[in-house]
Amino acid sequence: MKVLLLMYQDERAMQKMSREDFGRIYGAFQAYVEALNKAGVLLGNHGLQPTAQAKSVRKDAVLDGPFAETKEQLAGYFLLEVPDMEAALGWAKRVPTAQWGTVEVRPVWT
Amino acid sequence: MGHGRGAARLDVKETAEGVARRSYGKLVAVLAARTRDVAGAEDALAEAFAAALADWPKSGVPRAPEAWLLTVARRRMIDAARRRRTSEESADVVQLLSEVEAQPEIPDERLRLMFACAHPAIDAAVRAPLILQGVLGFDAATIASAFLVAPATMSQRLVRAKNRIRQAGIPFRVPGRDELAERLDAVLEAIYAIFAEGWADPAGTQAQTRGLAEEAIWLGRLVASLLPEEPEVLGLLALMLHAEARRAARRDAQGEFVPLDEQDPRRWDHALIDEAEAVLGAAGQMNRPGRFQLEAAVQSAHAARRGAGRTEWTAIVALYDALLSLTGSIVVAINRAVALAEINGPAAGLKALDGLDDDRLSQYQPFWAARAALLSRLGRRAEAAQAYERAIGLEADPAVRRYLQRRSSG
Amino acid sequence: MQYLLLIYTNEDAMLSAPKEASSQTLAAYAAYTEAIKKSGAWVASHRLRPTSEATTVRNPNGKKNVLNGPFAETKEQLAGFYLIEVPDLDAALSWAARCPGAAHGSIEVRPIWTM
Numbered sequence: 001m002k003v004l005l006l007m008y009q010d011e012r013a014m015q016k017m018s019r020e021d022f023g024r025i026y027g028a029f030q031a032y033v034e035a036l037n038k039a040g041v042l043l044g045n046h047g048l049q050p051t052a053q054a055k056s057v058r059k060d061a062v063l064d065g066p067f068a069e070t071k072e073q074l075a076g077y078f079l080l081e082v083p084d085m086e087a088a089l090g091w092a093k094r095v096p097t098a099q100w101g102t103v104e105v106r107p108v109w110t
Numbered sequence: 001m002g003h004g005r006g007a008a009r010l011d012v013k014e015t016a017e018g019v020a021r022r023s024y025g026k027l028v029a030v031l032a033a034r035t036r037d038v039a040g041a042e043d044a045l046a047e048a049f050a051a052a053l054a055d056w057p058k059s060g061v062p063r064a065p066e067a068w069l070l071t072v073a074r075r076r077m078i079d080a081a082r083r084r085r086t087s088e089e090s091a092d093v094v095q096l097l098s099e100v101e102a103q104p105e106i107p108d109e110r111l112r113l114m115f116a117c118a119h120p121a122i123d124a125a126v127r128a129p130l131i132l133q134g135v136l137g138f139d140a141a142t143i144a145s146a147f148l149v150a151p152a153t154m155s156q157r158l159v160r161a162k163n164r165i166r167q168a169g170i171p172f173r174v175p176g177r178d179e180l181a182e183r184l185d186a187v188l189e190a191i192y193a194i195f196a197e198g199w200a201d202p203a204g205t206q207a208q209t210r211g212l213a214e215e216a217i218w219l220g221r222l223v224a225s226l227l228p229e230e231p232e233v234l235g236l237l238a239l240m241l242h243a244e245a246r247r248a249a250r251r252d253a254q255g256e257f258v259p260l261d262e263q264d265p266r267r268w269d270h271a272l273i274d275e276a277e278a279v280l281g282a283a284g285q286m287n288r289p290g291r292f293q294l295e296a297a298v299q300s301a302h303a304a305r306r307g308a309g310r311t312e313w314t315a316i317v318a319l320y321d322a323l324l325s326l327t328g329s330i331v332v333a334i335n336r337a338v339a340l341a342e343i344n345g346p347a348a349g350l351k352a353l354d355g356l357d358d359d360r361l362s363q364y365q366p367f368w369a370a371r372a373a374l375l376s377r378l379g380r381r382a383e384a385a386q387a388y389e390r391a392i393g394l395e396a397d398p399a400v401r402r403y404l405q406r407r408s409s410g
Numbered sequence: 001m002q003y004l005l006l007i008y009t010n011e012d013a014m015l016s017a018p019k020e021a022s023s024q025t026l027a028a029y030a031a032y033t034e035a036i037k038k039s040g041a042w043v044a045s046h047r048l049r050p051t052s053e054a055t056t057v058r059n060p061n062g063k064k065n066v067l068n069g070p071f072a073e074t075k076e077q078l079a080g081f082y083l084i085e086v087p088d089l090d091a092a093l094s095w096a097a098r099c100p101g102a103a104h105g106s107i108e109v110r111p112i113w114t115m
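Protein chains in written order, with our numbering: chain V, 1 to 110; chain R, 1 to 410; chain X, 1 to 115.
The set of hints was computed from the structure by calculation and includes no laboratory data.
The reader is advised that the hints may include incorrect statements.
To be verified - EDC-like cross-link-like pairs, simulated, lysine to aspartate or glutamate; straight-line CA separation at most 16 Å:
hint: 1; chain 1: X; residue 1: LYS64; chain 2: V; residue 2: GLU69
hint: 2; chain 1: X; residue 1: LYS75; chain 2: V; residue 2: GLU86
hint: 3; chain 1: X; residue 1: LYS38; chain 2: R; residue 2: ASP359
hint: 4; chain 1: V; residue 1: LYS71; chain 2: X; residue 2: GLU73
What the hints assert, rightly or not - Which chain X residues face chain R? A few, computed with CB under 10 Å, are given here:
hint: 5; residue: GLN24
hint: 6; residue: GLY69
hint: 7; residue: SER94
Owing to the predicted nature of the structure, the values given are computational and were not obtained by experimental measurement.
For glycine and all other residues, C-beta sits at the position ideal for the given N, C-alpha and C.
With the sequences and hints as input, model every part of the structure.
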């Protein structure tokens, strides 16, 4: 089954990070992506630019910013091919973001 | 509602709003025309309106409210210039603004403002927004939504354009004889762009576009009153009036899309059609045909169905032939192909469509919608289905999507 | 430039919509996807199962925390996305406006980080 792992974090807090912390996190993500690739489960992943760059299109307006103000903002995603939800959750727990933010697991319609 | 401060404040607010509606553009134009500082004029005027709402409830509405606002705004502009610029530059501003006399009847310099907004040095995409803001007082966020642009982007574009006007010395004047036709066309295009956004929302379901068609017609009538000898101005006005006349007929009671050939002429606004015909007739007398007059004539031919009961497609094809040789527009070519099909059959129409060569066609919904209809009439069902798919995928209006879906499956 | 078009719609409204409306919406999405593909802008797109099937994972300080449901309660929920490659933001907004989800929800347009 295909699942989407959505990474949510407090952007403002992340932007205040030290260089060292940023380097550590970058390294952690690299390791995670490598693990996904070795396991052959990664279909795709992308990081998103901060919500300051977001626009929202509705029927009656084009707005600056994301669709809603939330305490944590969508920062990126992983799209995986896994045997079941248990496996998906196993991977979700290992996303570095889970330590300071939230990882949402969404099954994909096929 | 009783008397007293509450009522006084409401009256003042209504008067101020009335003045704003009627005169906002005139005041901006008069303040900006000499200094070329549109942004400065808008800011100063905003402060003047705020001052009015604070002062008039206490002192009463002045006999000449526009003159009052102009005086206050002019003073604010001078103050702002003194704060922001060198003494040399601000002396210039003071000098220029001193020429602005607060007469009871403010001179109408809106045409000069519109010609500045539509000047060749101004990016074509920002001309209509500039006119909406400077002449009609629209805010950037509303304009942005109307033109499918992000608000911050639209704000930036407007600021840049106004800077351009100020720094490049763009003149605030009605061009002379030799340039007028061309420069006027840019103004008319900008007004038509405003109309088009409003026309795309016939049911008025979207707040940001609901009044745009009316605003565009208002601008058209204004320019027609200020340049009565220009047939293309009348042509644009007639075109907009014809299109607006059919607004009520374009959606049924359930909000579903009704194409032109299925509309009930009894639901058309006949007063608007009559006005359009009178305006177009006046233009015709001047014997200087042009693009907008031809477009209006096509609309007139469609409107004739209200009397004749049928559409004169031969006349429409001839008009599109003339338009095509004048503009070479792909949109005109598509409409011509559809009209051609009515007199020479769908195969001829399809042949005309197939003959079009333009990269943008594959992304252009009306092209696919026209193709789908013609293929369908020729019984080429599989190809028609594909063309309908393309048209649906490119359409932003849910009502039109549903209509195409029904045509595709029916 | 790559943009992610995130489709936010009210799930309850979508679930309780009459059958005809739902199949029209699905057909509209199919046509929309085709149009993006034919234009060459399509990179990927996915429809997500409802948030009732979502699971949220938080792992602060080694304490694992797994809950049913989406990351936050919002009036509109993420229903799917399109990843597109287009020349600029204007083109991305143009596609966003055509997305069937725009009629009843929000299409959030996010530029992708490229390294």
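To see whether the hints hold, each was checked on the structure:
1. X:LYS64 <-> V:GLU69: violated (26 Å)
2. X:LYS75 <-> V:GLU86: violated (29 Å)
3. X:LYS38 <-> R:ASP359: Holds - the C-alpha atoms of R:ASP359 and X:LYS38 are around 13 Å apart, at most 16 Å.
4. V:LYS71 <-> X:GLU73: Cα-Cα ~11 Å, so holds.
5. GLN24: This hint holds: X:GLN24 lies near chain R, its Cβ roughly 6 Å from the closest one there, short of 10 Å.
6. GLY69: violated (30 Å)
7. SER94: holds (7 Å)
Of the hints listed earlier, those the structure fails to meet are numbers 1, 2 and 6, in rising order.
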